[in-house]
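Number of protein chains: 2
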Amino acid sequence: MTIFNYGLIPMFLSLAATSVRAEPPAARKKVVLVIHGGAGVRASAKMTPEVKARYETALRDSLKAGYAILKSDRGTSLDAVEAAIKVLEDSPLFNAGKGAVFTHDGRNELDASIMEGKEKKAGAVAGVTRTKNPISAARAVMEKSPHVMMTGEGADRFAIASGVEEVSPVYFWTEQRWKALNDVLREEELLKKGRKSETAKPEHPYYGTVGAVALDRHGNLAAGTSTGGMTNKRHGRIGDSPIIGAGTYAENGACGVSCTGHGEIFIRNAVAYDVVALMKYGQERSVVEAAKKVLAKLPTEEGGVGGLIALDNQGNAAMEFDGDGMYRGTITEQGEIDVAIFR
Amino acid sequence: MTIFNYGLIPMFLSLAATSVRAEPPAARKKVVLVIHGGAGVRASAKMTPEVKARYETALRDSLKAGYAILKSDRGTSLDAVEAAIKVLEDSPLFNAGKGAVFTHDGRNELDASIMEGKEKKAGAVAGVTRTKNPISAARAVMEKSPHVMMTGEGADRFAIASGVEEVSPVYFWTEQRWKALNDVLREEELLKKGRKSETAKPEHPYYGTVGAVALDRHGNLAAGTSTGGMTNKRHGRIGDSPIIGAGTYAENGACGVSCTGHGEIFIRNAVAYDVVALMKYGQERSVVEAAKKVLAKLPTEEGGVGGLIALDNQGNAAMEFDGDGMYRGTITEQGEIDVAIFR
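So the protein lines, in turn, are chains U and V. So the number in this note's numbering is just where the residue sits in the first sequence, counting from 1, plus 560. So the number in this note's numbering is just where the residue sits in the second sequence, counting from 1, plus 560.
Errors might be hidden in some of the hints.
Each pair may be met inside one copy or between any two copies, as identical chains are not told apart.
[Said to hold, decoys possible] 25 Å max Cα-Cα, derived BS3-like pairs, lysine-lysine:
no. : residue 1 : residue 2
1   : K589      : K624
2   : K753      : K678
3   : K590      : K680
4   : K753      : K704
Rather than coming from a laboratory, the hints here were simulated on the basis of the structure.
Hey, can you work out the whole structure from these sequences and the hints?
Next up, the structure:
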């Protein structure tokens, strides 16, 4: 009997260890803020340690900015989402704010949306060109207009009149994104002439959107998403990021969601709200399982369709994606940060 | 025993008669096309028989246009939805196409979306000003662009280049809508000066959107919605009509949906997709019950929040609204038309 017992204990310990390792470390503690900086990242082999470190630092800075608000007495999830996203918008690394990609016409047209889960209020802007932080413009629409969604010049005018910082459209010019547009345009020209591609395959044109979902001490969820859209998009194209229900959704009884990926597919499948609907109506009560199920239903594409982050009202975070990686991170109630890029 | 039997039969017959009377007549046969011309109609006492007859004729013409396609061998639900909506857009009676309301700046900015339920392809335009039939522009985005949603000048340019009929923006000027804008602007001025209202209460500013859902002989569903938005809307405001998931959705396994009402509330609640989600994930398998449940969850407003039409893949139609009326109608497989305005 003694021998038999000794035989079982190591087996039990080894099983327990496996099950702990299978869970992401942050999932064991209450997450209060989860962020993403887009899916569709380069293969890990192509990313230098220096570039990787820059991305990780930006993700940490974003998490810290949101956490500073959440741990204060009057900090709301809405404030934390806006603060975390502003850090990512101000970085040239992500396709949002400063680092936005160029449209076919060589412009930067930015989209963002924000939603709070208590009263399900929401705001969104699409195609703004003069608003430094589109996420703040989205929040102004939510809080200071009777509308949910505004586009173009009307959205810029409204945001700036509401006190959101104005910049010249040239603020959004970055060499890296300008080169990316020119690469794509050159490819198009070659294709038209029936010649073979000269440039290395450009980065996935859809990805790089940023987003955040936060849970505050009042139990309120909020979610937001911000993007520069897709390189070489035609004038006036709107992706999923500013669409409530597609790119962003928050409902206290279920979860908050922010998506990134091939926007058209996310709109057609109402992805953000679908995660919420699965938790509300379906048999799926786990936010991780709901997120996995919704992503698994999307069509497959070379390089992946995209990903999403979600956070439920118990502090369980999901960070799901179908490609090689997604810039992502969480911070717990205790301030423990976890950031990752690849699988 | 004989006496006992005789007593039961009349009771059974009377129950059966009651249950038949409780259902709308069209629901007993397979509906192939259901349309709406907006909720928020005037109280029945204020509508002359002549005006009522004009609305009913327009609804019948729309149903006939869609039906002519559905009964032909190659007729698709997508063609039927487009044809039915074009009739309503070309009528000055509804707030879509020709009869669109004016923005705060005295412009007509039109929105529309369309979706087919087999592959869940979708297209939408927002803020177009030079496209005669916005529903055809939405279809062009769906079929001829890699995008789902386009706005403003970019959307107009794309639609016209794709062969959709162009008109001068003055085509959309109608005396009735111009007067409505001026009434609202006068109200705003009076309110600013702290004086009492002079004009009679204007029509509900949100309503009048048109929409259609069709089921073809291949079992494919399609849905579409078109609107002029809300009177006095600020430049660049987008309502629910061009938002896939909010104003329009179609999924063969569940139903097609087109909404009308206070757009901001419909966006925040992802109303069109919510009906689909309830049927897919919830315990609600009836399209009428799903539509009722989704509408009942929306906040209440004076005059009503709005309404929606839905059609499932068995030909069961829902036409639900919370105000005094909704312009609406159905046509069955056999060509039987039923139109209604008030409760």
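Going down the list of hints, with the structure as the test:
no.	hint	verdict
1	K589 with K624	within (17 Å within a copy, 61 Å between copies)
2	K753 with K678	neither (55 Å within a copy, 36 Å between copies)
3	K590 with K680	within (23 Å within a copy, 37 Å between copies)
4	K753 with K704	between (51 Å within a copy, 22 Å between copies)
In this structure, only the earlier hint numbered 2 is contradicted, and the remaining ones agree with it.
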